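Asks: As a plain string of letters, each chain reads:
2 protein chains.
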Amino acid sequence: MSKLENKLNLPLKAVSLKQVTIQDDFWSSREKNVIETVVPYQWKALNDEIPGAEPSHTIENFRLAAGEAEGEYYGMVFQDSDLGKWLETVGFVLSGRRDPELESIADNVIDLLGRAQQPDGYLNTYYIVKEPNARWTNLRDNHELYCAGHLMEASVAYYEATGKRKFLNIMSRYADYIATVFGDEPGKKRGYDGHPEVELALVKLYQATGERKYLDLSKFFIDERGQKPHFFDQEANERDESEVPARGKKKREYDYFQAHLPVREQKTAEGHAVRAVYLYSAMADLAVDYNDDSLLQACKQLWNDVVRRKMYVTGGIGSSEYEERFTVPFDLPNNRAYTETCAAIGLMFWAQRMLQIEKDREYADVMELALYNGVLSGISLDGKSYFYVNPLEVWPATANFRHDMSTVKVTRQPWFGCACCPPNIARLIASLGQYIYSKNDSDRELYVHLYIGSKLELEIDGHRVQVTQQANYPWNGQVSLELTLEQSADFAVAVRVPGWCRNAAITVNGQETDISQQEKGYVKIQRTWQNGDRIELVMDMPVEIVHPHPNLRENAGKVALQRGPVVYCLEEEDNGPNLQDIVLPSDAEFDVHFEKGLFGGVSVLTGSGLRSEVQAGDEHKLYTTQAFDKVAAPLKAIPYFAWSNRTPGEMTVWIRNHN
Amino acid sequence: MSKLENKLNLPLKAVSLKQVTIQDDFWSSREKNVIETVVPYQWKALNDEIPGAEPSHTIENFRLAAGEAEGEYYGMVFQDSDLGKWLETVGFVLSGRRDPELESIADNVIDLLGRAQQPDGYLNTYYIVKEPNARWTNLRDNHELYCAGHLMEASVAYYEATGKRKFLNIMSRYADYIATVFGDEPGKKRGYDGHPEVELALVKLYQATGERKYLDLSKFFIDERGQKPHFFDQEANERDESEVPARGKKKREYDYFQAHLPVREQKTAEGHAVRAVYLYSAMADLAVDYNDDSLLQACKQLWNDVVRRKMYVTGGIGSSEYEERFTVPFDLPNNRAYTETCAAIGLMFWAQRMLQIEKDREYADVMELALYNGVLSGISLDGKSYFYVNPLEVWPATANFRHDMSTVKVTRQPWFGCACCPPNIARLIASLGQYIYSKNDSDRELYVHLYIGSKLELEIDGHRVQVTQQANYPWNGQVSLELTLEQSADFAVAVRVPGWCRNAAITVNGQETDISQQEKGYVKIQRTWQNGDRIELVMDMPVEIVHPHPNLRENAGKVALQRGPVVYCLEEEDNGPNLQDIVLPSDAEFDVHFEKGLFGGVSVLTGSGLRSEVQAGDEHKLYTTQAFDKVAAPLKAIPYFAWSNRTPGEMTVWIRNHN
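Which chain is which? The protein sequence lines are U and B, in order.
When the letters of the first sequence are read in order and numbered with the numbering used here, they come out as residues 80 to 738.
When the letters of the second sequence are read in order and numbered with the numbering used here, they come out as residues 80 to 738.
Worth double-checking, as some hints may not be accurate.
Heads up, the list lumps identical chains together, so a pair's fine if it works in one copy or across two of them.
What the hints assert, rightly or not - Each computed BS3-like pair below joins lysine-lysine, with the alpha-carbon atoms no more than 27 Å apart:
| no. | residue 1 | residue 2 |
| --- | --- | --- |
| 1 | K599 | K700 |
| 2 | K603 | K700 |
| 3 | K463 | K209 |
These are computed hints drawn from the structure, not numbers from a lab.
Only a predicted model underlies this, so the values are computations on that prediction, with no experimental measurement involved.
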């Protein structure tokens, strides 16, 4: 195994959730929404208590597995993961506040998990209830390790929040058992799951327990992936499946599962986008823990492929509904974008890990871009409806009619119709605190990645430090960081100047700091800090006209509007129909103003464009040799994440422009 | 039934194929190709004599039906129609020349048809061989009348070409039998076929035989269509099918079959595009024959819906691969166009019929547009490969990868993989002579619709007239019509000034004619014609920049290039990759020159556009706030119909433009 080139350049560690309290105009209400609405609602859903909703059966499946109920297994083969995501969210919620009632519900369901666990440690309700003799016979399709992974993540979050070890012990026992089944020793399976997830979860389990064997098991799965002879073929042969795929589905290619090549040989992002970024996240984790430069280089190449060739301007990824997958470079259709909310969330997971290794703002830029756009668009303002698919352009008449656009929804769908994205977005928001700061103990550095009002408590070099961040982000580029120290201390605060920002200034206690000496977008302020020291960051935040690379054929001749990290869109409600007819003059300018009453308060952009003057009789000209005259049209753009919260109608991110 | 408003405005009659001989630089080689290559090839295909091709089994099915072979039926349920289209093409071919060998092959297969015909007149090999007791049990799906219709059309063409009645008699007997099964009398089925075709065929059978009952049967089918209770439900109930659709298919909505409403109440073109235009063609026929204004008004409304809202600039129709159907107004995606070749052919059928009724050049314009673009693009220059689907834009990497573009082919496919479009395009080309001229006996008028070098023999008011048309169309706008008469005669020659032509001049024997007195685009020259009189038409044929209606969202900010009736496109072979990056300046001009060696000789357009200057390092900017510089780029456009006859690559009809 090759080593990281520069061993001294030790990676950062994200500051843990418990140390951060969010107090932010933009995010606190969203966090509250998750805590007060989403978590209780999802608990009811897991218990089949939502009138009119399709039953989830998740809790009932665990009762069946524990022998405490009679009946049949019901639900998807990966139904257990819904409980995992919910319990993980509960863990995140409890890390910031006491909630004895919620904790008691969680403890009870954890007890149930314990009773459902088999004597050997196994814990998967589908196989326990439905196919007790068929464990580990279809890793490719049946999400057995995927479910284990989500429960492991949950157990770590719950342990870190509450200090209670029961759930962690249950999942450690399960992991111990898994390690007896998989491995390169004789008699063990040299396999891995069709849906990566357990790999990153095992890293968390290692971090929580200190048990290196979990890390080794994760590395085993990563190392095996894509090796020949192909494990999915071997297990299919053992199932006597030969050429016929499971459950009548078209046989998938290996790349759907990111199993077409050993991971270190993968240079391009292929297949199912969520699976891909979950896998890459684990690869980044292991690159650090094993000091494995070959894994890091693979991550960097994959990163470049995603962000330079396969990422929407919103941070959305995965442009094909079929197989929810990456396609070919620069194939980013706007009105047929798939851009699953979970994929944008997974991109944040991966970006966050890369950021700890490389301390390069590009990772934070992408993480922030996905957060404020491709992720946040997935949930309605009231937290009660969700997009799986986040198109960048919608014509309702066409989207509602065309069969090849059937996954594009014009309005968000209620929770109970869904299974994966809503709990994923809930756990993301509930854990947002851990994306804001990192620290590097050996170099005594504190990194500030995101501008979210918050209070951070940490120790640097033995000194207790409290950082109070105040911001009115993403609407305004002024951020202050106030330090509270028991005694003065030497350390560095590295402040990110975002990639979107062309002009920034930083002062410390009112004294301007030279920001020209950035390291990959971070201004490192090294000094002996005193109690009450105050860093002020002022970022110019004009409206930016964003041009696509010429290879982005779908956007040729169009521009997007962005301000700070927020990408804007036009909606029919503000601009009338036929948004594609609107063209921006080359000298287009936009005013910014904050509309308090709109979408809970957002900055909107107003300006002027041109649109065609259609006169009586013009309906007789589908094609004409006479160009239509243009007339001025006032324009109003709203944040993309807020679209489809009013009357359903057209929407577009990309706007025509004379360039 | 309402009557036509103006009974005096009697419709034109298309001049029959036998009276026209094409002698034209552009078309004669294509006609020859059909006669010498396509017809023999297709005969081999019908007889399963193409090595490596999937068997057609069509002739063998007729042998089975005749009790002259042993085995199983094989092929689609509508396999008989392939023989129908082939025999119709043979009829068209034989109407222009003697070919004893071909005629003998046809006579033999007609004899076989006669032996396969059942004692009661029934003739459908699928049901005779495979389900002898299930005739007329699934009109919705099983194409029984559709197959009958194609064989009827063939019998008429063969009779008109050869004067031999045998085939006509076979099909008349079949039609007589069908009339005993269907009708509004008690005990008869009040049904109609899922795929319209027999309706227009019965009109032809009536015209050939003079038997009005065939016209009445056609009218019965047209009148019944879409009535409630719904026939397709009734027959499904009789099949005990209830909700389960035939052959495991998703239940189709009535509009797929144009059976959602009685035809006179249909205002918008819905469903399967080929079915629609076949239906509308029969409606236009019957509007004339029954003097039925309600049918005509329905046709006109449907026509407006198609050509003002649902037609591509190439004359292609049907923008959705799913159900090969019309969708919603202005939904005309270029790279996902379906635009089946057969649908453009069917649009010509319909346009030709409307033209006879209304004498309005718009119908001829659309007929010509479809012919030179959406139809002709369906066949390769060598006549050996075919497009079903005629996209207006192709990015091969994307089209070859994306599942939702699987029907978009980057290159034409060989004959034997196909079933419907190749024989349809063959019969269209073989019968092109009947689209050029019409006459109106009562008003002593000869209409000239298309400019195709040809010799026409006809009688007007008892006078034998020969018209020799010379043209170098579509490359050149100069046309001459020379009249040969035995003696002078009074009649009118109505000359079409195409909609694409802004400036034309007409002389008679060198004397300029006032062309301002056009009637719906036709300049009617009324005079006492002498032998040797010569009409010269000169149409300016500059390169036109075609603008889309602002509602055509997919084309916003783009233009198409057209010269005469020919729509142009850019191909990667001439212009390099990334065609969407190319932008035309607002003052773009193009030179025209004829390239003799290219595609058998075509006029190409050359000009200059702009494209982005991508420099080293620019691959790092998927999105940037800096617009890319533009550099001049020479452009070369070729006729759209000729695309994909060289190296496979990108193609686009619509080009960005600053408008």
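Asks: Now tell me if each hint is right for this structure.
Replies: Hint by hint, here is what the structure shows:
When the C-alpha separation of K599 and K700 is checked against a cutoff of 27 Å, the pair qualifies only between copies, where the shortest distance is 16 Å, while the shortest distance within a copy is 54 Å. Within a single copy, K603 and K700 get their C-alpha atoms only as close as 62 Å, which misses the 27 Å cut-off; across copies the closest is 26 Å, which meets it. In this assembly of identical chains, the alpha carbons of K463 and K209 never lie at most 27 Å apart, being 33 Å within a copy and 56 Å across copies at closest.
Hint 3 alone, counting from the list given before, is not met by this structure.
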